[in-house]
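2 protein chains.
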Amino acid sequence: MAITQLKHYHSLTIESAISLAKDLSLFDPSENLTCEEIGDGNLNYVFRIASSESGKSIIIKQALPYAKVVGESWPLTLDRARIEARALTLQRSLAERLVPEVYHSDEQLAITIMEDLSHLEIARKGLNKGEIYPSLSKDIGEFLGATLFFTSDYALHPFKKKGYVKEFSNPELCKITEDLVFTDPFFNSETNEFEQALEEEVRNLWDDLPLKLEVAKLKRSFLTEGEALLHGDLHTGSIFAGKEETKVIDPEFAFYGPIGFDLGQFLANLIFQAVVREEKPKKEEILRHIETTWDVFESTFSQFWDQSEDAYTKIDGYLEYVLEKSFADTIGFLGCELIRRTIGLAHVEDLDSVQDEEKRVLYKKTCLALGRECILERHRIRSIQDLLDKLI
Amino acid sequence: MAITQLKHYHSLTIESAISLAKDLSLFDPSENLTCEEIGDGNLNYVFRIASSESGKSIIIKQALPYAKVVGESWPLTLDRARIEARALTLQRSLAERLVPEVYHSDEQLAITIMEDLSHLEIARKGLNKGEIYPSLSKDIGEFLGATLFFTSDYALHPFKKKGYVKEFSNPELCKITEDLVFTDPFFNSETNEFEQALEEEVRNLWDDLPLKLEVAKLKRSFLTEGEALLHGDLHTGSIFAGKEETKVIDPEFAFYGPIGFDLGQFLANLIFQAVVREEKPKKEEILRHIETTWDVFESTFSQFWDQSEDAYTKIDGYLEYVLEKSFADTIGFLGCELIRRTIGLAHVEDLDSVQDEEKRVLYKKTCLALGRECILERHRIRSIQDLLDKLI
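First to last, the sequence lines map onto chains E and X. Read left to right, the first sequence gives residues 34 to 425 (the working numbering). Read left to right, the second sequence gives residues 34 to 425 (the working numbering).
These are computed hints drawn from the structure, not numbers from a lab. Treat the hints with care, since some could be wrong.
As the list makes no split between identical chains, a pair holds if one copy fits it or if it spans any two.
[What the hints assert, rightly or not] Straight-line alpha carbon distances no greater than 30 Å define the calculated DSSO-like cross-link-like pairs of lysine-lysine that follow:
no.	residue 1	residue 2
1	Lys101	Lys276
2	Lys199	Lys315
3	Lys193	Lys101
4	Lys398	Lys347
5	Lys347	Lys208
6	Lys358	Lys162
A quick note: this is a predicted structure, and the numbers were derived from the prediction, not measured.
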């Protein structure tokens with residue numbers, strides 16, 4: 034009789050990560066492997082294991098049972114590793130070119146072993162340095178069109194979709210978004226972080242009841258509308274980019290939510306770049322990315338829609354309705370992201386790394402004003418051109 | 034060592050139902066019990082077990098592994114018994130007076146043992162005979178206000194709510210609604226059933242693309258909007274009524290969906306009564322029920338809302354927004370129910386029992402026209418009075 038050994042969670046080390054890779058036959062037994070931990074250690078360990086002989090390398094990502102934020106540490110479900118591995122696998126099956134391959138995952142150890150993307154750079158870092166990623170927005174538009182359409186009711190049998198809804202139930206990570214994106218920045222909450230010079234703008238936001246009413250509606254949508262499997266945290270820090278290649282990583286916030294949420298988060302993070310770039314051609318480059326993201330999303334989604342066999346997708350006006358709703362949601366979520374990244378707990382390097390204080394504060398004020406306008410005016414901003422007009 | 038005996042599903046009989054009740058100590062061992070099967074045998078067995086000594090009685094409801102509809106039989110998940118027992122228990126905890134007590138449930142046997150309500154009558158049957166139920170609409174309004182509010186994000190911690198969403202995932206029974214309420218009646222589907230005299234009206238519906246676009250939007254809402262735990266099948270056949278008592282039964286279709294769905298189904302089933310009643314005071318009685326249902330729902334929901342601790346519920350206009358959205362949804366779902374009960378697979382006795390063919394056809398045409406109008410005009414029908422105006 035075989036003895037079943039129960040595996041329990043333990044943190045990997047350089048040594049045990051190498052052993053694991055060998056045990057799983059991810060390398061030839063004879064290969065000499067090197068391993069380094071390359072994560073930021075806040076939420077996960079990230080080990081890169083490479084063979085000097087073959088040049089082959091892999092990434093082992095292990096979730097830590099806590100999150101470190103501003104020096105504090107709070108417990109955080111390891112189940113996010115299961116969700117991340119499953120989301121990567123599912124998203125890769127829908128947009129193969131744009132998602133890293135998963136070689137192995139283990140729920141007990143909370144690990145995902147995947148393709149090494151070290152030849153690419155995190156898009157946020159690259160954009161901040163002025164790198165040009167010609168295919169970034171086309172690729173993200175395609176990723177969104179494919180992953181959002183094919184996980185929606187327009188594509189899936191309802192049994193399959195409802196199975197995914199259960200599988201990707203993600204209460205703990207959703208709660209982070211519910212608090213940090215939709216609630217805390219709009220109230221005088223301890224988690225907020227902003228410089229003194231923004232005090233007046235921030236107090237105005239907190240007192241802005243019509244704004245808070247619209248944020249309440251957007252939060253309601255985030256809480257209740259299970260339209261498609263979202264990435265859930267699609268900012269430019271969750272994207273590896275290169276000259277001809279884009280890969281979307283870190284979908285541990287994945288869950289069934291409103292289609293516009295991923296779009297809004299990505300566009301807001303492009304907008305931070307548009308705001309801090311003063312030279313016209315450099316700003317222009319970002320504006321084109323914004324435009325392309327929506328346009329490619331829309332055309333990809335529409336193309337798949339046209340191939341759908343669902344009887345209602347044949348009804349004139351239905352696709353337009355879905356796109357129009359998703360666009361308004363996108364603009365609203367984008368507004369929330371602009372505000373929370375400026376005054377909430379989790380900031381962006383794009384703004385915070387601006388050394389000149391006067392400029393930095395000005396950029397932040399621009400983001401706050403634009404965020405507010407997008408939330409309030411989302412049903413009157415009817416096209417991506419309307420949005421671009423506000424950025425010039 | 035105790036031997037664990039695995040229970041497997043088997044159909045209860047008169048004898049085994051009595052044994053089970055005794056084994057569970059629901060009666061004194063000495064009592065003489067009688068048992069009769071009182072269900073319609075389409076989806077469930079319903080045994081009524083009574084003691085001649087104490088007068089005590091109970092109901093054992095057992096789900097059958099198939100559904101019989103118009104002579105055909107198709108497999109149907111036994112999991113619905115789990116959902117029904119859980120929904121009854123949860124709804125009773127929120128509206129104790131209006132839901133029968135569950136004494137015991139068993140997932141393996143797919144049974145729910147509950148309070149016997151034989152002293153009451155199914156509301157549809159009673160209304161068809163002209164019975165007067167003074168508290169029916171007030172009670173249902175209260176049931177809806179309490180069960181919908183307290184299972185929503187406005188009342189629950191998000192972890193609890195997301196737990197319920199998973200627990201009440203109900204793909205198979207939702208699919209029945211998706212098909213029979215939102216799809217089949219609007220297409221030339223084999224499941225439809227209507228009399229020859231309605232042929233022209235029905236063909237007009239099938240050709241009515243603006244109508245089908247609005248139904249698509251309502252179906253989208255049913256598929257994606259997890260606002261609250263719905264009863265899911267709240268017609269007058271799911272309600273036991275008496276002069277001073279109302280009990281809501283049969284929540285096997287329970288799942289997280291849009292708040293307006295239960296409201297719409299109940300109101301539509303009242304409307305069938307309003308349509309077939311020609312004498313003014315008798316019609317008037319139903320119109321008051323319609324008005325009271327919404328008014329009591331609205332005041333109950335609002336009262337609970339005012340006690341909520343969620344920061345956003347304090348924002349002026351948010352409750353009004355939620356009620357306005359729910360009202361428009363209610364009117365739309367009501368329209369779908371009016372149409373599907375007239376020409377779809379599952380009819381209502383209210384209409385079908387009208388002997389005079391000319392009148393019956395006229396009533397059905399009225400229901401189809403009203404259903405269509407409600408679906409198309411749901412955003413312009415702004416109050417329950419606007420709806421009543423269409424029924425006079």
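Status of the hints after comparison with the structure:
With identical chains, the CA atoms of Lys101 and Lys276 are never at most 30 Å apart, being 33 Å at best within one copy and 61 Å at best between copies. Taking CA atoms no more than 30 Å apart as the test, Lys199 paired with Lys315 passes in neither setting, with 43 Å inside one copy and 47 Å between copies. Proximity of Lys193 and Lys101 under a CA criterion of 30 Å is satisfied inter-copy only: 25 Å between copies versus 36 Å inside one chain copy. In this assembly of identical chains, Lys398 and Lys347 lie within 30 Å of each other by CA distance solely across copies; the values are 27 Å between and 45 Å within a copy.
For the homomeric pair Lys347 and Lys208, the shortest alpha-carbon distance between copies (20 Å) is at most 30 Å, but the shortest distance inside one copy (37 Å) is not. For the identical chains of this complex, Lys358 and Lys162 are neighbours neither inside a copy (35 Å) nor across copies (46 Å), given an alpha-carbon limit of 30 Å.
Of the numbered hints listed earlier, those contradicted by the structure are 1, 2 and 6.
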